[in-house]
Amino acid sequence: MKTVAQLTYIPLYSDHPKEQVQDLIEFVAQHDVEVDVNYLSTSIKGETEVVFELIREVYDTMALEGETFRFHVELLSPTKE
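Taken in order, the sequence shown gives residues 4 to 84; the numbers are from this note's numbering.
Incorrect hints may have been included.
Said to hold, decoys possible - Restricting the straight-line Cα-Cα distance to at most 25 Å, the calculated cross-link-like pairs of lysine to any residue (SDA-like) are:
id	residue 1	residue 2
1	LYS48	PHE30
2	LYS48	ILE58
3	LYS5	ASP35
4	LYS21	LYS5
5	LYS5	GLU70
6	LYS5	GLU52
7	LYS5	PHE30
8	LYS83	VAL36
9	LYS5	THR71
10	LYS48	VAL38
11	LYS5	GLY69
Read the hints as simulated data drawn from the structure, not as lab findings.
Sequences are here, hints too, so could you generate the full structure?
Next up, the structure:
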């Protein structure tokens with residue numbers, strides 16, 4: 004099954020939020036998912052397990068870096084593609 008997730012990452016209290024968002028997009032693009040960058044969010048599509056693992060990896064990576072952030076995840080129902 005394929006799952007689509009819409010990710011919105013908002014760095015808080017940052018002098019360079021655009022760079023942090025760009026770093027996150029580059030990180031996501033290194034994984035086995037389709038990436039669609041939009042104005043306020045990024046959509047990813049891939050195997051359900053891969054999408055969920057990536058969401059967890061993104062969250063853990065940002066938390067380890069000691070950043071203050073908001074990370075919104077919206078999931079669409081899986082498809083059989």
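Hint consistency between LYS48 and PHE30 [alpha-carbon to alpha-carbon, up to 25 Å]: holds, 15 Å
LYS5 paired with GLY69 [C-alpha distance capped at 25 Å]: violated, 32 Å
Holds or violated: LYS5 with GLU70, Cα cutoff 25 Å? violated, 30 Å
Just to be careful, I want the Cα atoms of LYS5 and THR71 compared with a cutoff of 25 Å; is the pair within it? violated, 31 Å
Proposed proximity, VAL36 with LYS83 (alpha carbon, max 25 Å): Holds: LYS83 and VAL36 sit about 15 Å apart, inside 25 Å.
Taking only the CA atoms, is the gap from LYS5 to ASP35 under or equal to 25 Å? holds, 12 Å
Take the C-alpha atoms of LYS21 and LYS5, compute the straight-line distance between them, and say whether it is at most 25 Å. violated, 29 Å
Hint check: LYS5 vs PHE30, CA-CA at most 25 Å. Holds or violated? The given pair, whose Cα atoms are some 20 Å apart, holds under the 25 Å limit.
For the pair we were handed, LYS48 and VAL38, check the Cα-Cα distance against 25 Å. holds, 7 Å
Given hint GLU52 paired with LYS5 - CA-CA distance at most 25 Å: Distance of about 9 Å is within 25 Å: holds.
Straight-line alpha-carbon gap LYS48 to ILE58, limit 25 Å: The given pair, whose Cα atoms are some 12 Å apart, holds under the 25 Å limit.
Comparing the model with each numbered hint stated earlier shows that hints 4, 5, 9 and 11 do not hold.
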